[in-house]
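Engineer: Residue-level listing of the chains:
There are 2 protein chains.
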Amino acid sequence: MGLLDNALDNIEKIDESLFVKAQERLDSLTKPRGSLGRLEEFARQMVAITGELRPVINKKIIFTFAGDHGVADEGVSAFPKEVTPQMVINFLQGGAGINVLARHGGVEVVVVDIGVDFDFGSLDIDLSKLKSKKVVNGTGNIRKGPAMTPEETIRSIEVGIELAGEYASEGIIFGTGEMGIANTTPSSALISAFSGRRPVEVTGHGTGITDEAFAHKVKVIEDALALNKPNNKDPLDVLGKVGGTEIAGITGLILGAAARRLPVVIDGFISTAGALVAYELCPTVKDYLFAAHRSVEKGHEVMLDHMGLRPIVDLDLRLGEGTGAAIAMGLVEAGLKIYNEMATFGDAGVSEEA
Amino acid sequence: MGLLDNALDNIEKIDESLFVKAQERLDSLTKPRGSLGRLEEFARQMVAITGELRPVINKKIIFTFAGDHGVADEGVSAFPKEVTPQMVINFLQGGAGINVLARHGGVEVVVVDIGVDFDFGSLDIDLSKLKSKKVVNGTGNIRKGPAMTPEETIRSIEVGIELAGEYASEGIIFGTGEMGIANTTPSSALISAFSGRRPVEVTGHGTGITDEAFAHKVKVIEDALALNKPNNKDPLDVLGKVGGTEIAGITGLILGAAARRLPVVIDGFISTAGALVAYELCPTVKDYLFAAHRSVEKGHEVMLDHMGLRPIVDLDLRLGEGTGAAIAMGLVEAGLKIYNEMATFGDAGVSEEA
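Residue numbers (the working numbering), protein chains in the order written: chain A, 1 to 354; chain B, 1001 to 1354.
Calculated directly from the structure, the hints in this document are not laboratory data. Just so you know, these numbers come straight off a predicted model, no measurement behind them. Heads up, the beta-carbon is just placed ideally off N, CA and C, and yes, glycines get one too. Be a bit skeptical, because a hint or two may be false.
[To be verified] In silico SDA-like pairs for lysine to any residue, Cα to Cα no more than 25 Å straight-line: (1) Lys286/A x Leu309/A; (2) Lys1337/B x Gly105/A; (3) Lys1219/B x Gly1204/B; (4) Lys1131/B x Ala348/A; (5) Lys219/A x Glu1353/B; (6) Lys298/A x Arg1310/B; (7) Lys144/A x Asp73/A; (8) Lys1021/B x Lys1233/B; (9) Lys1286/B x Asp316/A; (10) Lys1131/B x Lys298/A; (11) Lys1129/B x Ala1078/B; (12) Lys133/A x Met1/A; (13) Lys337/A x Lys1129/B; (14) Lys129/A x Gly1346/B; (15) Lys1233/B x Ile1172/B.
[Claimed, not checked] Reference listing, derived: stretches of chain A covered by chain B, where coverage requires no fewer than 3 residues with Cβ under 8 Å from a Cβ of chain B: (16) 236-250; (17) 316-325.
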């Protein structure tokens, strides 16, 4: 059995009776019942995910998957394609948004080259922090054919599953992130294919394109869907035809984490597209997910609603990289600390409600 | 000139031209313009508040003001009045929600006894961390008369102004919090008086009272307003007649901080009532405020809208103590770190948008 089938076989529903047990403890703490709102919800979910009555977070890791997209040739992004490897180098040198927010939140960033169209080995820089898992040198242009072959698609998912296994440890929480110039285009194509909504309804302005470029981007997505005819009853077909390597890596990370009962905080638009593919393969993965934030990018809410996920923060973010996940992980951790560290009414000698 | 008049005299509008300068730097960083949304907004505001082109946060302090309320005798809270001093002791021992979230965020908590109806000196516990600034042993019952005399009102505000001065230092950011059984009742009375809305429109379920108790609470507030007839053209009259010491302390802290160009993150419902009084005394204080979160408590949004403040998070919190401020301070700090620590396009050798 392959890694993917094995992961799918091992994903089990969380034990919802643990929500009740967790709430009993939350209600014994020195605060009005339910008064810490979603922080309490995060604690309950962490208890149910881990199956531990007193779980802790020992380590926070964000995987930033980087991959290139042939469709960048169609001029769908405000940035040139060489920015993908340039930003990977920026990640390795600690100067990007994700690095700053990860340092702020005590999060480790693992940068994964899963499909960048660049040979990092040709550079005279320290690559010890780069996880080399390259499946392709960029995907195919989805306006002219499929993004990936079925084999490349599976392999990209397996990269994520392997990383979940390699980094799995007691008390770990994963976050997802990505970098890939033009990657809102395949993400919108995926959402359109799965939801049946027209591309214009689920496409946004990405890194900041003009209205004219936006109309062109929508046309490119329409063309890509018409040409590739992805079968939305077959998530792997959709992912391979109009997706991308970093999206597939995120899908795999989520499946691998859920199979090991590990929580995953998904970042914004592109990460959620990766989560959507995982959800289409196995809706139960949803139990293991925290949605970091409500992205400005159109189409994000369609996915969150479809999976029944409520975003943790709403800060008008649209950068990706895992920046929203870095922030939200700290709030999930805050909820768990409330659960573990607050005094009970009994311990503190505080009178309970009448 | 008294402390209050002196503070009011020293509050100046922030220099909005600094928003433009701050945005220029933000736009030079390796990310699409504006893509970090509100994190960028927080950085701009910190630049304009401090007047520094590269401000940093060196220290985060939350003042948790504790005071009792005579109106607790009317049965408006789900908790008995003795919980106020019990929770103060819990704060000092590190077991309350604010302690957990402050530790998580690297925030110092200063607990201020500004009006608790209890003699902490009678206990055999370490009080070195308690700031004793007691103005009264609890306020008067607002259903039977004014909460405070005009002198007590001024003195309570001065306590906050004094604390702002005592703790002022380079790179400090303040947060507000409070503890006082029954204190949503005077807060709703204040909002009703200032906004002209009926008590039922701006009153919530506080710590979690029943619908029957809620109807009673609304009646108590209506009675208090009818009896005391606060003059909403005179913010000190409103604060004294239907407010409370901890609310006044928060008002003072905000005025004192604004007079020194220091930022303040206001917590939820009660803290925002304190901010509203400061705003009514001097609308310019708004420039120095960050609204931590959108409280579940009805009436909170009325105040935020009135002052033109947009809350940072929305996590269904209704605990108070400064818990929302502890979370939001970390996000303001994250915005400032983005501003200070990210690489520029030039430094990182990343191509800019076309």
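Engineer: Indicate, hint by hint, whether the structure satisfies it.
Structural biologist: Tested hints:
1. Of the pairs offered as hints, the one joining Lys286/A and Leu309/A holds, with about 8 Å between alpha carbons and a cut-off of 25 Å not exceeded.
2. With a C-alpha separation of about 11 Å, the suggested pairing of Lys1337/B with Gly105/A holds against the 25 Å cut-off.
3. Simply put, Lys1219/B and Gly1204/B have alpha-carbon atoms about 13 Å apart, close enough for the 25 Å limit, and the pair holds.
4. Restraint check for Lys1131/B and Ala348/A: the C-alpha separation of about 20 Å stays at or below 25 Å, so the hint holds.
5. Distance hint between Lys219/A and Glu1353/B is fulfilled; the C-alpha atoms sit about 22 Å from each other, no more than 25 Å.
6. This hinted pair checks out: Lys298/A and Arg1310/B have alpha carbons roughly 22 Å apart, not beyond 25 Å.
7. Pair hint Lys144/A plus Asp73/A holds up; C-alpha atoms about 11 Å apart against a cutoff of 25 Å.
8. At roughly 38 Å between alpha-carbon atoms, Lys1021/B and Lys1233/B are farther apart than 25 Å, so this suggested pair is violated.
9. Under the criterion of a C-alpha separation no larger than 25 Å, the hint pairing Lys1286/B with Asp316/A is consistent with the structure, at around 22 Å.
10. For the proposed pair Lys1131/B and Lys298/A, the alpha carbon gap of about 50 Å is over 25 Å, so the pair is violated.
11. For the given pair, Lys1129/B sits about 28 Å from Ala1078/B by alpha-carbon distance, which is inconsistent with the 25 Å threshold.
12. For the proposed pair Lys133/A and Met1/A, the alpha carbon gap of about 21 Å is at most 25 Å, so the pair holds.
13. For the hint linking Lys337/A to Lys1129/B, the alpha-carbon distance of about 23 Å falls within 25 Å, and the restraint holds.
14. Distance check on the hinted pair: Lys129/A and Gly1346/B sit about 23 Å apart at the alpha-carbon level, within 25 Å; holds.
15. With a CA separation close to 33 Å, the supplied pair Lys1233/B and Ile1172/B exceeds the 25 Å bound.
16. Restraint check on the stretch 236-250 of chain A versus chain B: 0 residues with Cβ-Cβ distances below 8 Å, three needed, restraint violated.
17. Here's how the stretch 316-325 of chain A fares: 5 of its residues keep a CB closer than 8 Å to some CB of chain B, so the rule of at least three is met and the hint holds.
Violated hints, in rising order: 8, 10, 11, 15 and 16; the structure is consistent with all others.
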